[in-house]
Structure formats: structure tokens, C-alpha cells
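Single-letter residue listing:
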Amino acid sequence: MQLKKSLVAISLSAIILSACGGGSSTESEPETPVVDNSFSFNASEMITNLTNDVIVSGYMSLSTQAQAFHLTTLTLLNNPSAENLAASQQAWRDVRTPWEQGEAHIFGPVDALSIDPHLDTWPLNTSDLQALLASQSGFTAQQVKAFNDDVQGFHTMEFLLFGDGLTDNEKTIDEMTALEREYLVACAEVFSEYAQALADAWTVAYDANDSNSPAYKELLLSANNDVYASELGVIEELINGMIGIIDEVGNGKIAEPFGTNINTTDTSLVESQYSWNSLADFSDNIQGVQNVYRGEFAGAADKQGIIDFVGAADSALASKIDSQISDAITAINAIAGDNNLPFRQAINDADARIKIQAAIDALSLVQTSFEADVLPLLTKWQSS
Amino acid sequence: MPITLLFVCWLSGCGSEKATPSQPTTPEIVYPDYAHIRLLAGSASAENASDSGHGFSTPIATLTADELARHLKGDFHFETSFTTAPNDEHPELDGLGPVFNNQNCNACHQRDGRPATLTVPSGEQRLLLGSNAGIFLRISLDDGDCHQASAENNYCQNTPVPGFGTQLFHRGVLQARDDWQEMPFIGQANVLLSYDYHSVTYRDGETVTLKKPVFSIEAPYDVSTKNSQNSALLASNVRYSPRNGMPIFGLGLLELIAENDILALVDEDDADQDGISGRANWVFDAVKAQAGEILPLSLGRFGWKASTPSVRVQSLGALRGDMGITNPLFPEESIANTAMHESYLARTGFIDTGVDQFGATEASASFADDVVFYAETLAVPARRNINNEQVLSGALLFEQVNCTGCHTPKFTTVSGEAFIGGRPAPEALKNQTIYPFSDMLLHDMGSDLADNRRDFMATGREWKTRPLWGIGLTKTVNPSAGFLHDGRAETIEEAILWHGGEAQNSKADFMALSKTERTALISFVMSL
Numbered sequence: 001m002q003l004k005k006s007l008v009a010i011s012l013s014a015i016i017l018s019a020c021g022g023g024s025s026t027e028s029e030p031e032t033p034v035v036d037n038s039f040s041f042n043a044s045e046m047i048t049n050l051t052n053d054v055i056v057s058g059y060m061s062l063s064t065q066a067q068a069f070h071l072t073t074l075t076l077l078n079n080p081s082a083e084n085l086a087a088s089q090q091a092w093r094d095v096r097t098p099w100e101q102g103e104a105h106i107f108g109p110v111d112a113l114s115i116d117p118h119l120d121t122w123p124l125n126t127s128d129l130q131a132l133l134a135s136q137s138g139f140t141a142q143q144v145k146a147f148n149d150d151v152q153g154f155h156t157m158e159f160l161l162f163g164d165g166l167t168d169n170e171k172t173i174d175e176m177t178a179l180e181r182e183y184l185v186a187c188a189e190v191f192s193e194y195a196q197a198l199a200d201a202w203t204v205a206y207d208a209n210d211s212n213s214p215a216y217k218e219l220l221l222s223a224n225n226d227v228y229a230s231e232l233g234v235i236e237e238l239i240n241g242m243i244g245i246i247d248e249v250g251n252g253k254i255a256e257p258f259g260t261n262i263n264t265t266d267t268s269l270v271e272s273q274y275s276w277n278s279l280a281d282f283s284d285n286i287q288g289v290q291n292v293y294r295g296e297f298a299g300a301a302d303k304q305g306i307i308d309f310v311g312a313a314d315s316a317l318a319s320k321i322d323s324q325i326s327d328a329i330t331a332i333n334a335i336a337g338d339n340n341l342p343f344r345q346a347i348n349d350a351d352a353r354i355k356i357q358a359a360i361d362a363l364s365l366v367q368t369s370f371e372a373d374v375l376p377l378l379t380k381w382q383s384s
Numbered sequence: 001m002p003i004t005l006l007f008v009c010w011l012s013g014c015g016s017e018k019a020t021p022s023q024p025t026t027p028e029i030v031y032p033d034y035a036h037i038r039l040l041a042g043s044a045s046a047e048n049a050s051d052s053g054h055g056f057s058t059p060i061a062t063l064t065a066d067e068l069a070r071h072l073k074g075d076f077h078f079e080t081s082f083t084t085a086p087n088d089e090h091p092e093l094d095g096l097g098p099v100f101n102n103q104n105c106n107a108c109h110q111r112d113g114r115p116a117t118l119t120v121p122s123g124e125q126r127l128l129l130g131s132n133a134g135i136f137l138r139i140s141l142d143d144g145d146c147h148q149a150s151a152e153n154n155y156c157q158n159t160p161v162p163g164f165g166t167q168l169f170h171r172g173v174l175q176a177r178d179d180w181q182e183m184p185f186i187g188q189a190n191v192l193l194s195y196d197y198h199s200v201t202y203r204d205g206e207t208v209t210l211k212k213p214v215f216s217i218e219a220p221y222d223v224s225t226k227n228s229q230n231s232a233l234l235a236s237n238v239r240y241s242p243r244n245g246m247p248i249f250g251l252g253l254l255e256l257i258a259e260n261d262i263l264a265l266v267d268e269d270d271a272d273q274d275g276i277s278g279r280a281n282w283v284f285d286a287v288k289a290q291a292g293e294i295l296p297l298s299l300g301r302f303g304w305k306a307s308t309p310s311v312r313v314q315s316l317g318a319l320r321g322d323m324g325i326t327n328p329l330f331p332e333e334s335i336a337n338t339a340m341h342e343s344y345l346a347r348t349g350f351i352d353t354g355v356d357q358f359g360a361t362e363a364s365a366s367f368a369d370d371v372v373f374y375a376e377t378l379a380v381p382a383r384r385n386i387n388n389e390q391v392l393s394g395a396l397l398f399e400q401v402n403c404t405g406c407h408t409p410k411f412t413t414v415s416g417e418a419f420i421g422g423r424p425a426p427e428a429l430k431n432q433t434i435y436p437f438s439d440m441l442l443h444d445m446g447s448d449l450a451d452n453r454r455d456f457m458a459t460g461r462e463w464k465t466r467p468l469w470g471i472g473l474t475k476t477v478n479p480s481a482g483f484l485h486d487g488r489a490e491t492i493e494e495a496i497l498w499h500g501g502e503a504q505n506s507k508a509d510f511m512a513l514s515k516t517e518r519t520a521l522i523s524f525v526m527s528l
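Taken in sequence, the protein lines are chains A and B.
The first sequence runs 1 to 384 under UniProt numbering.
The second sequence runs 1 to 528 under UniProt numbering.
The shape of chain A in the complex, shown without the other chains:
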């Protein structure tokens, strides 16, 4: 029933717009013949699904993983052993996954509450961190929270857990001081608080200090407010979010250290260089794109995603982009090769560079498709 009513509304809309013609045209926008290439798509289910089951679900997972990671650091503090260090290292990698996937939708509280810089500032301020560890002790979460962003968050914890990453990513328990473990625990606790705050901002109130502020997810689910005037804005946000991270991975995270040739590489620019987790980061970033595009996490039951929006306009295009995203993930995963080469070594390996270039090219294809073929759909879309 709702569909029929919507179709009537669309028909009326078309008639009225047509009748009014260029009544609102301006000197800067001369009238052009209108070609009706519009398409209809009811976006409510897709937005609801992407908001609740992809974005919010991802942040809940981040918070859960962050709590688990914090517990492993406490265990490591109280019982320093190789096994417990390995457990903390793995837990760090596990938190990294939902965070990197969530970079496909960096908007809202993660920016407004400055949670992104709190959690993921790069580069690490090694000068201040080492001076801190050389001069102070008794670190608490409350203290660390007041410190600058570049001595806390993912990469500070990564440095403490894995070492400097220059020759290996296998810091031993003997190489880790008690003070480092103490600082790590404080960082992990702060991290966990921010991850919880992020999840709360989406599900409880986007300003924790203002009980009248709505949960951020509500602003997307009922898009008729000062943040999102319409569903169009939400879809545009999601599409541009995917483009943003594809661009960042292809043209920033990979291309910058890769350089123009093997003599212009720069390992200092490699993301997650201490843990050698770079390729997993990149792959997770694009997995995040796939989550938003498909509307579900890998292996989960099919739900509506941006692919359905694109498919309503052009099913062949929708499938093409889906394949391009998969190809990009495959190309990134292929960089390590049979030798499981980490990215910071791969950029200086002639054979691996061919694979890296292939990944850059694959990402470029997806980005071009989104920019050239998907963004223009926004102006052709008729909500229903």
C-alpha cells in the first residue's frame, strides 16, 4: 500500500515540476531540455539497516573489543609473560579491525567529539613519549586523558606493544619495561572509554553532557532535522564516505610510502609500521566500504545497502562496482605474497611493487566508478 501511495506522489511530483518548468531557473542556470532519467528507490530500509546494523554495530564491536583489549593489558601488567604480551598484541589487532572498517563512514560523533584524533593520531610523538617514560611514573587513565593526542591512542599502544618495527614486529617481554606496561594500561583504559563514548553518542545521546541531544543514529533514521535535511543527505554522506577512504587508501596510505619508484619510497609514512599491520589496515578499510556498499558485514545475511540504491538505477553498474570492490580487497591481500611480506618491506621489493601498483589501480577503478557513475545518481533519484 505504501508503495502505491508513493508512486502517486512521484507522478504528481513529476507533473508539477514539469508544469512549473523553469519557473525557478536563474541567470546562472540557463534552462536545458529535461531528459527524464530519474529512478525511484525507497531508501528508508537501506538507511535503517546501514545505520543500525553496519555503523552502530561496528562501533559496538569497537567498544567491546576495546574493553577486551584493556583487560589483556591488565593481565600483562600483573603477569608479564610472553604469552600475555602476545595476547595483548593480538587484542590490539582485533580492535584495529572494526576501527579501520569504520573509516568508511567517518562522520558524526567520531569527528565532532574529536574521538578520531584521540584514538588514531599519527605520527606518534616519540620525543614526548620517551621523555615521559624516562621521567615519570604512576600513570593513570585520568592523567593520560589530559595528555596530548600524540602520546595516546592506537599508535602509542602499538609502539609499546610491538617496538619500533624497524627490523621486526616481535618485541619480547624482556624488552618491555614495567613503566611501559603501566602506561599501556592507562592508554588502553582511556581508549576503551572513548570507544564507549562513541557507541553511546550513536545510541544514547550525541552530546553526553546534554541529555536533550538525540542519539546520533536518530538523525539519520528520521532525516528531517538540522543535521540531515533529507534522506538524500544521508545517502550522499555514505557514498562520499566510501569515496573518501578509497581515495585515502589508494592515493595516501599506499601511494605515499610507495613513491613514484623504488628509489623514492618512504617507510616512515607507512601506517601501523610498528606492528606491521599495514596491509590488514588497508584491507579492512576497503572491507568497510564493502560493508556499507552491500549493507552487511562479510558472511552475514543479505540486507539493503548502497548496492540496492545503485541497482535501482542501473543493475549492471551495481554489480560492476561490487566486483570492483572485491577485486580491490583481493589485490591488497595479494601484496604480501607467498612470503607474507609486510607492506613496509614490500614497497622496496621489485616484485611486490607490481602487486602494489595493481592494488592502487584496482582502488582507482572503484573510486572512478563511485565518482563518475554513482554520485550523479543522487540528482536523478526520486525518493519514494
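All clues given are correct.
Simulated crosslink set (DSSO-like; lysine-lysine; CA at most 27 Å straight-line): (1) Lys145/A <-> Lys226/B; (2) Lys73/B <-> Lys355/A; (3) Lys73/B <-> Lys430/B; (4) Lys515/B <-> Lys211/B; (5) Lys288/B <-> Lys73/B; (6) Lys217/A <-> Lys303/A.
Treat the hints as calculated values from the structure; they're not laboratory data.
Since the structure of chain A is provided, determine the placement of chain B on it from the hints.
Relative to chain A, chain B alone:
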């Protein structure tokens, strides 16, 4: 969209020219021309991003390939965080501070827009400004107004607070202060934020609560904490003024408005007796000074009080000041020649001096040029809902209450040979019909908004008219963003209600409107 609304829109939009003889005719409503303009900056407008939080972050589409590459490099730099010197892994990114307000451009211009207005946690009275804060305090000694800039009065530049300067840097690198063991990562002083509240009531009984930030300063570095009252920073003749980050799109276009077009709007003595004057701020121009010009003065265009002449001076001044990163235009550290800097250098081995042994600054020329170019070439978001009847009627009310008395809708940028920040201007910025809704001039905004601190020739009651283009996307870009110089206004309505002085009549007229009319006017502003 409800069918009824479309129907009304149809009747209104088609007007009498479509009416048949059997239909009653109604007077045709003549809307201001800008009411129908969707692209507020011609070909320098953004498409496909203007309904979302990406609306402020789009490069102008008509940039050349080389220009786009520069813009994208600048985009990267805009989010680059600097660290304490020395950083052996990233020597190109060290030199932060030693005192600063934030660590990268994006921290105060989140997604190229406004920063979050911070709220005080429940149960607490005040909030310490830290890395979350996109706001800082300008400071200077009260030295009276300055009416005519000259070499003798240092071109009306403000008098620095001894030992501090003209900007309070509330954050620092770990060892910025002598007492860093007790005060790690603290700058010249702590700044704490609280709010005062009061209500405004319309004739129809509706009430709006307004909040005003109140800043307090504690633990200045120049005296022991027991003797704070003796600090030069807390002397009775020190004036403070908060500065919130502001959006950075469309700036190159504003810089290319012909100076004469702005000056034509000056009405210093209110000759037309409309209660609105409009004054130009003439400010020291570091680009001209560096080029050796005898009179290094330019028309102020940027900043809350129009105290900088160009995107270049504004951006590189912020790089050196807000972040403590020296650059080719400002090669000295922000606190050079103060006791704090001398002590810091002596304690840390004279490493972070601002320039290396070859004279190179912390930010290279290419870094500085690219980040400036980025801020010069961000497109202006297109409007939304321009055919909505409420928005259209709001445009009529916008005229009726004379918002356009200061928020001048339209300019055309220069054509032919043109310079921006002393460099040749990109063609993409030229000869564009733009609708910034600002006269680019200073106005007395009344005592409620007054900061009582002059800035070059701007008095303690004057502020530059803020451009309104893109303002409707503010919350989309950052849901916690606020309006006005200290982020005090949570909504457009609150911002209007803070207007006073030369805008008092317009505010009074706005308050006299019905609820429906007020909503319409705001919906027009939100469509920009």
C-alpha cells in the same frame, strides 16, 4: 514529500501566467533574485556534496589538473599533525609549539567547518580547554582605539601582553613549562570554560535560552601558582577575546572581491541614516611587508574582526600561532624572545628554535603554499530546498527585516590579471558571480556581543559580517558546532537573537514576526 505541499508549491510557483481566465488571479510575488539561486558561487560551487557533511570539503571543479594536485596535497597537509622536536622518524613533521592551541588545522576546522562548541559535564562547573577545543583567546593590553594606521603606531597592531604576546597558547609540548613535571603538556596558562545563561521571550510567549561562554585563566607560567594575581596575564589592563574556528570554503572567492566593491559599501557616519554604518579594517599585511612595500597595509577581509588581509596571512599566521609551526612568512616562533621560550630552549638543548642551521623553517615553502592553496580553493556548497515555499517566503522576510543591510547578497569576483596573497590567482576563482551574504565590513554588534578588545582598527564592539553561504550545512558537517565568535549560539535563531548595535532594529523586527514567519526566515538561512 506530502502531496499537499507539492500542490501548494505548484500554485505558488506557477503564478498568474499559467492561470486560465476561469481561475482567480493573485498578485505575483516578486522574490529577491537570490532566492532562486542554487549555485552560490557559479562554477566554483560544489555539487553532489551539498546535502551532507562533505559540503565544505570539495575542491572547485574547474581547477586545472596541476591546481587540483596542489589542492589535494594541501588537503593532506591540513590534517597533518606536528610533533615535538626532535622526531628522528619524522623530522619533516617536528617543531610543534612549544606552546600552541592545537596540533593540526583540522582540529579547529573540523571537516573544513566549525569546531564543536564544548559543553560542561553534568555535575561540574567548568571545563579545561584541551585537545577538544577549537577555540582560543586573543590577548593584548588596552591601549585605546586606533583610527589611522601608520609606521609610528605600528600599523595599529595590538600591544602584546609582556611575556605572553597577542594570543594565549593554552597547550604545550610535554616540557613547555619550567614546572612541566607538575604541569605536563600545559602552555602559557590554563583556560577554563563555563557558561552564563539567560532567556529571551517573544511577544507570543515563546522563550529561547541563550548561553554565553565565560573564560577564566589559571596557572599562568610567569609566576608561581600561589601568586597568580601578580601575573602580567591577569593585570587589569589585559583584554581577552575568544576566537572560534570558522569554515574555510569559498575564501579565495572572498579575497577576489574587488576592494572598491567592498569600500563602496562603507558608510562610516551612517549618511543614509539606516542605523547601519559599516567600516573597513585596515590591517598590517605580512606579505607586503616581506615584499618590502613601504606601507604594508591592506583591507582586512578574514578573521572575526577582519584583521587579516588574505587567506595566506590568515593560514600561515595560524600555522605559526595556533600550532607553533614556523613557516616562510612567519619564521619566528610565536613566543620568541619571551622568558618562557628562552627557558624552554635552554632546558631542551636549543633544538626547537624554529629554524634549522640552514635557516629552513619548520614548515617548508611547499607545505605552506599547498595548505594556503587548499584553503583558497574549496568550493561553496550549493543551496538546498530553493523551491520550498517556506524558504521562498523566508527570503522575503530576510529582506523585510533588512538582514541584507549587512549581509550583502551578491558580488562578482575580479577578472583579468589578479593576485591572491601576492601570487597569481587561479582562473577558477575569477569572474564568478557569488552570493556570500556579507559586506565584508565591520559593524557595532552591541554590548552583548562586545569583547571590548580592539583588533587593528576594529573596536571592542565591532565584528565583521559573517558570510552566510553554506551556513545551513554547519550542523551536518559537525553536529556539535556553534555559531558566532565563541560558538555560543547553538542555532541560527540563537545567533540572530544575539545581534545588537547596528543590527538591533533587524533583531527587533525579527522578534516581532509571528512564529510561522520566524521559522520561514530561518528556513531560508538554513537553505544557504
